[in-house]
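So you can see what is in the structure, the chains are spelled out below.
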Amino acid sequence: MSSTLSHLDKLENQSIFIIREAYSQFRDVAILWSIGKDSTCLLWLVRKAFFGQIPFPALHIDTGYKFKEIYEFRDKYAKEWNLELLVARNEEAIAAGMGPDKSKFNCCNELKTVALKQAIAKHGFKALYLGIRRDEHGIRAKERVFSPRDEDFEWDYKNQPPELWDQYKTKAAEEEHIRVHPLLGWREIDVWQYVQKENIPVTSLYFAKNGKRFRSIGCETCCGPIDSDADTIDKIVDELKTTRISERSGRAQDKESDYMMQKLRSLGYM
Amino acid sequence: MDVLNFVIVGHVDHGKSTLIGRLLYDTESLPPDKIEEISKASDGLGRDTEFAYLLDHLEEERKQGITIDTTQVFFKTDKRRYVIIDAPGHVEFVKNMITGASQAEAAVLIVDVEEGAREQTRRHSYMLALLGLHQVIVVLNKMDLVGFSEDRFNVVKKEVSDWLASINVAVDVYIPISAIKGENITKKSDKMPWYSGTTFLDSLDTLKNKIPPENKSLLFPIQDVYKVGDKRINVGRVEAGAITTGAQVKILPTGQTTKVKSIEKFLEDTQEAIASECIGITTEDSVFLDRGNIICVPGSEPHLTDRVKANIFWMSKRPFTKDQKLTLRCATQETTCKIDKIARKINSSTLELIGEDADDICNLEVAEVIIKTKKPVAIKDFNDVQEMGRFVLVRDENTCAGGIITTEN
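Protein chains in written order, with the working numbering: chain G, 331 to 600; chain R, -5 to 403.
Extracted from the complex, chain R is given alone in its bound form (with noise of 0.2 Å):
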């Protein structure tokens, strides 16, 4: 049975552990004791039977009522196993709904459809533009606020739409919901007959999976080198393609050329590899890989560059000042570099221009910039091939930035 990874986004307060814990619930996915669990935790505080504590467990998430931390849940419909990815709301907590955005195949963007769009709700929606994440259902959440009225519907619908269309996201499915009161979650709402689509349910299910490129060129990242017994076996994940033995490669930075000799898996004899195994190779010529290394296919090489273009999305509360040493990480790749043109950057809410030729990023700015590595790095554009097309930047061993290729030079 397929797997599909969704993330649920939006803005704080607009429902998003409500409706996954009413999901949960209505799909009858909660052992007994998990209810009871729930339940005993709401009255301790004094509430009604929260359904958001199935997902926010910690003290003070129940406490203050809100989402701290990403978290995953699993749940199944007669089509599929779905595992969903709550993401915080909450301005502070950015980096961790992008931590869970990051890991899905689809998006849920959730809008309070009294309160309208507001800034993590463009701001996230923008975030998982950025991360490549079209695939993306809206629900309008509240509606039994609004008397289930379907002006109200329609307002806030052309709104997100609006703004959607603005940052190039296509959404056909939108979804008047009240997730607390269960209404086009799993059944068909009887107090909105004017809404003639899908449940939400019925809606995850038309989503796709995320297919790996195989069918693109070979990229193989070596990641270690092992040495066992005679052998030298050169461990990774191929990140793109195929690869097979009798293959002739090409090994980048060094431009070297050999044959695959063996593919090795433990206790497997196996002759092909394909894009997300994880494998190890030896080859025919004794060449000395090391990780980082490319393994690729001649003619069919990535782009091998020390100037990498990219929009980069700054995550941490220091900002970054020019004179600042950074890490570049892509697959395993890794150099120092610095950010030699920061060539203009915007708020990643309002899309506002804040700086051109600027000289620092601050925390949730997204900014287009020219970065100089000090070794090459092999890269794809991120629409090619997502795997090699993006990076993070690590400072004093803290990831601070994740990082989109837009062009190879």
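Chain G extracted, bound-state conformation (with noise of 0.2 Å):
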């Protein structure tokens, strides 16, 4: 006998056995929903994981700065996925006028780090669930499955944990929370393949209009968009299949400094 499973079937059944290994020691947890792919089909993976009905909050983390569309998208799938939508926002620093205009740095870590850390303080999680994946980003790719964050939200990522056979890390009392990361190994073109595979919804944004296309979204005021036609999901597998451009072209915080990335994320950034 060989077998049978389809390489989208292997992530798929890897990342619904993360998911309920986390799950299954935490209970306090919730998953992070920036509404983009990534997030959405992780979602998706968690109502499989728990067929149907998952049974903790989706926080998404509001800058203030999101496309409308991020909004609309929101709502509409919080009501009819039925989730426990938390809504965490920055607002002393929202309301302090806290911009990209005043440095990128300090905005992502204002409006999205802080609004975490707020988050996490008020509902007690223990673990978090993230859509990141290795291949977005070189400091993404030495992230483990599950990845631990003091109590000042470091990343330790010079002295990570080894981590086996996914038997994964349990948490210790000086740990303030573990990042769970269930699509870790997934690359961009797996995503798609597997919202096309899936049908699963996503944001209007990511197809194009006009010649031009979002391929990785975060906030209105730091991402472009990128020259492309492509206007369905089965155009934008065919584009991934040959494009040289890398998915984070458009992203602001990628290319404000060499190593950006690597201290936003020792700060706690996602």
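If you're looking for bench data, these hints aren't it; they were derived computationally from the structure. Note that this is a predicted model, so its numbers are computed, not measured. Treat the hints with care, since some could be wrong.
Unchecked claim - With beta-carbon atoms standing in for the labels, derived distance ranges: (1) G:Glu484 <-> R:Thr238: 45 to 53 Å; (2) G:Asp480 <-> R:Thr238: 54 to 62 Å; (3) R:Gly191 <-> G:Gly554: 43 to 51 Å.
Stated by the list, open to error - Think about it this way: if two alpha-carbon atoms lie no more than 20 Å apart in a straight line, the pair counts; the simulated DMTMM-like pairs of lysine to aspartate or glutamate are: (4) G:Lys571 <-> R:Glu266; (5) G:Lys501 <-> R:Glu328; (6) G:Lys340 <-> R:Glu99; (7) G:Lys571 <-> R:Glu328; (8) G:Lys501 <-> R:Asp390; (9) G:Lys527 <-> R:Glu262.
Built from N, CA and C at the ideal position, the CB exists for glycine as well.
Each chain sits in its own coordinate frame; assemble them with the hints.
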């Protein structure tokens, strides 16, 4: 007998295994839902893992600078999928006028990382599911599937725990929370092929209008569209098979300086 | 299209990250903006374009010119897709190398032909053998530094093959390369006409995928139990064999038997699941299942024991001493345990015997031990079903050792 599982089946099974491992250990968890393709794909897998009844909240970190399509998509599917939706905003920083014009580094840190810290403190989450992938960025490629953060949210990237044979880190007292990364081994094209196969809804921002589409979505202020005529999922998959442009080429925080992503992430950025 | 995961191991500075960078570059797997990014970063540190920066993304890695943590990158050939796992070669980061190697189906051992086999060359290859990774390609790198000499290649090849033979690793493929110059990586080098073998890239295409143990007897460890509507769904991953509705099954450690009533997947109607599938099951009788229970077939059961004989490799700077309590985790089973006997322990690079009937195990040592578990565990011999023949030991919530079960009693 030979293996009948396709590449996407294998990825799906591995992700569901990870999702269930984390829930069996933590119970007090939330899924971070940015409404982008990756975290929406993750949400889809979480629905599968729990037979359609997700036993924990979906957390949206809202910087106030998101596209209107993001808010519309969020509210529509939160209802349709019966999600317990939590929206976290760093209201103080937003009121004080924090924005990318001040400093991109501070803006990402204040409106995303700090807002996340506030939400974790408020709800007492011990673990968070995140849809990051290794092929997005060299720093994310160094991640573990279960990745601890200390009380200051710091990622000790120079001394990560060993991770063998799907035996993942258990939480020690001094660790604030564990980041769980079920999509770490997926590539961008895997996500889109899975979206295609499963017919997962994604926001319209990904589809080309007037020769432009978004390939990676963050805040409206800090991400730009790419040149593309891909206005359907099939065309996006075809485009990715041939493109040599990197996925996050439209994302400002990757370009600010050589190590900005590392510095942001070591402070607790996603 | 198939995907194959392979790890690149070897001593620090023997060129692992450079080889991967070269492979990505020559197979045009790199977006132009990534090439620009590394050439800018190399400039910033006053160096020529450094292929290793494609993987060494941490500031500390680039400044010190070493790899700290394992990373994974993707590329493809006409034949299939690859996940390359880069592993650090410094002795300080062996646990990261093991993390990388534990996820691989095959390995590439890189050796600096000028330096020959060094401490991590030997340790890494020994760890590969211990982890059951027997599919290995050896590349002898930096041929440009020895004037592409066939004699030098043969000397180091003999040194490496003698070592590998001593740890029972059979390797057929030895390739002379220069990662930095791109010789014998994706195209045959004209600098080494004496070499008649394949290029590195063509050799990769001959590696075989690991097949999940579908043809073994069923092993289905329970991961969790969910109440969905009025059903109690016992979820987990099939680790070996297959499970079908209506099958008579036995539950370990209780020994109860029941029948599989249904196989549950969200919005799917399915009657069978095979190794590596994540599913849920419901049972005919209202048996109480819990995480760590093992579902198997009566008559083809794994060994149930509280005494586990194993080879363990210690990955923590804090040594093990016999008074310490550990937790053993094998598949979803978890129990506290103690190490009753440390029969012998060896240096994982020289294989030198360090002690017999020892009292402690230190970082990087490999020990033959007998573990006494508090609760019985269901185990298999590693050579039979790897998924249930290996375990980790956890101390204070940190994985401190990995173990390979040598015999079942």
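field: Proposed proximity, Glu328 (chain R) with Lys501 (chain G) (alpha carbon, max 20 Å)
entry: Between Lys501 (chain G) and Glu328 (chain R) the Cα gap is close to 15 Å, so the pair holds against 20 Å.
message: Next pair to validate is Lys340 (chain G) with Glu99 (chain R); report whether the Cα-Cα distance is within 20 Å.
response: holds (15 Å)
- prompt: Would the pair Lys571 (chain G) and Glu328 (chain R) pass a check requiring their Cα atoms to be no farther apart than 20 Å?
  reply: violated (43 Å)
- prompt: Keeping to a limit of 20 Å between CA atoms, is the pair of Lys571 (chain G) and Glu266 (chain R) held or broken?
  reply: Distance of about 34 Å is beyond 20 Å: violated.
query: Does the Cβ distance between Gly191 (chain R) and Gly554 (chain G) fall inside 43 to 51 Å?
result: holds (48 Å)
Cβ separation of Glu484 (chain G) and Thr238 (chain R), checked against the hinted range 45 to 53 Å: Between Glu484 (chain G) and Thr238 (chain R), where Cβ atoms are some 49 Å apart, the hint holds.
query: Is the straight-line distance between the alpha-carbon of Lys501 (chain G) and that of Asp390 (chain R) 20 Å or less?
result: Holds. Lys501 (chain G) to Asp390 (chain R) sits at ~9 Å (cutoff 20 Å).
Restraint check for Lys527 (chain G) with Glu262 (chain R), where alpha carbons must lie at most 20 Å apart: holds (14 Å)
54 to 62 Å as the expected CB spacing between Thr238 (chain R) and Asp480 (chain G), which holds or is violated: Distance hint for Asp480 (chain G), Thr238 (chain R) is violated at roughly 47 Å.
In this structure, the earlier hints numbered 2, 4 and 7 are contradicted, and the remaining ones agree with it.
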